[in-house]
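Chain by chain, the residues run as shown.
2 protein chains.
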Amino acid sequence: MSRIAVLIGDMFEDVEYVKPAEAFRKAGHELVHIGVEEGKTVKGKKQKAQVKTDISAGKASVEDFDAAFIPGGYSPDQIRVDPAMVKLAADFVDSGKPVLAICHAPQLLITAKAVKGRRITGWKSITQDIVNAGAEFVDAPVVVDGNLVSSRNPDDIPAFVEESLKKL
Amino acid sequence: MSRIAVLIGDMFEDVEYVKPAEAFRKAGHELVHIGVEEGKTVKGKKQKAQVKTDISAGKASVEDFDAAFIPGGYSPDQIRVDPAMVKLAADFVDSGKPVLAICHAPQLLITAKAVKGRRITGWKSITQDIVNAGAEFVDAPVVVDGNLVSSRNPDDIPAFVEESLKKL
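Order-wise, the sequence lines are chains A and B.
For what it's worth, the working numbering labels the leading residue of the first sequence as 1, then goes sequentially.
For what it's worth, the working numbering labels the leading residue of the second sequence as 169, then goes sequentially.
Simulated from the structure, these hints should not be mistaken for lab results.
Think of the CB as a built atom: it goes at the ideal place given N, C-alpha and C, for glycine as much as any other residue.
Just so you know, not all the hints are guaranteed correct.
[Claimed, not checked] DSS-like mimics (lysine-lysine), calculated; alpha carbons at most 25 Å apart, straight line: (1) K43(A) with K227(B); (2) K45(A) with K334(B); (3) K292(B) with K124(A).
[Stated by the list, open to error] Footprint (simulated), chain A over chain B, 3 or more residues, beta carbon under 8 Å: (4) 171 to 177; (5) 259 to 269; (6) 276 to 286.
[Unchecked claim] Partial list, computed: chain A residues near chain B (C-beta under 10 Å): (7) I79; (8) W123; (9) V131.
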C-alpha cells in the first residue's frame, strides 16, 4: 500500500481527480491532499467535485509519502505560484518516487525545473511549454519515463490509471 | 483611430477585458473580437462579462487590423490550441503592429514562438514558461519592448492602458 500525496488546488479537472482517486483507493492506497493552504476546500472547475486539503505544501515532506499525483485542469496553474508546492514537486521528481501527472500537471513540473531531458505528455495547449522546458513531448495516451507517468486528457484516464497502479 | 483585433476565448479574466476595452473605445478605437469560432459567445471566468466573437481566427488577417489585444485569465490557454489563432498571433508580432498582452496572454505568444529575445512580463504562474521560451521576464506593472506591451495582473490595468494607448 502506498501513501500518495495529491498536489491540488482550485479549478482541478473534476474527472481527472475523481476517477484516478477512486481507482487508487480501490487498490488499497491512501490519499493525502496537499494544498497551498491547509484545511481549505478546493473545487473542480466543473463544480462536480471538491476536496479539503489535509496539509499545506510547506508542511509536507517527500519522506512521508510513496508517490505524488497531480490532477489537471487549472489546478496546476493555481498551485505553481507557491514556492513550497514547487519545491515539493521538484523533490518528488528527484526522489525517484512515482510522480503521476495528467493534463496540465506538467505546468507544475516545468516551474519546478524537473522535466529537462525527460519524455512526457500533457494537455495539447502546453505542448510548446513542455518542449521549451527541455523535455521530449510524446503524443500518446500515457507515457512512462522512469518515475514519471503522464497522460494528456480525460480520455486517457484508463491508461493513466493502469500505468500508475503498476508504479504504486 | 485604430482597429483592434481582440484575441479571445472562454474563461477570460473579466476585468482584464472590460477595463482596457472601455478605455480603448473611449479613445475612439474600434474592437473586433476574434475567436476560435465565429459568432460564439465566450464568457469571463467570473461570469461578469461575455463577448460574441465577430470572426474566427481562420478568417482574420493582420492586414485588416492596426493592433492586437489579448486579455488574460484562462482564455489564452483555451485559444492557443487553435493553429489559426496561433498563426494570427505570430503574424501580429512579426508585423510590428502593437500587441497588447496582459496576465496569461504570453501563453499564446509562447505557442506562437514569438517572444524569443523579447522583454515581457505576465502573470506570475507563467514566469518559467516565459523564460524557457527565450524571453527576458521583467517583474514590472507594464513592460514595453518595441511593439509588445505586457502587464502582469488586474492591478496593472491602469499602466497597461496608458502604455497601450500610446501605441494605438
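Each hint, compared with the structure:
1. K43(A) with K227(B): Measuring from Cα to Cα gives roughly 37 Å; hence the hint is violated.
2. K45(A) with K334(B): Roughly 38 Å between the alpha carbons, so the hint for K45(A) and K334(B) is violated.
3. K292(B) with K124(A): holds (21 Å)
4. 171 to 177: That given contact is violated, which follows from only 0 residues of the region 171 to 177 of chain B lying within Cβ reach (below 8 Å) of chain A.
5. 259 to 269: violated (count 0)
6. 276 to 286: holds (count 3)
7. I79: Because about 9 Å separates I79(A) from the closest Cβ in chain B, which is inside the 10 Å limit, the hint holds.
8. W123: W123(A) check passes; min Cβ-Cβ to chain B is 8 Å, inside 10 Å.
9. V131: Nearest chain B Cβ about 9 Å off; hint holds.
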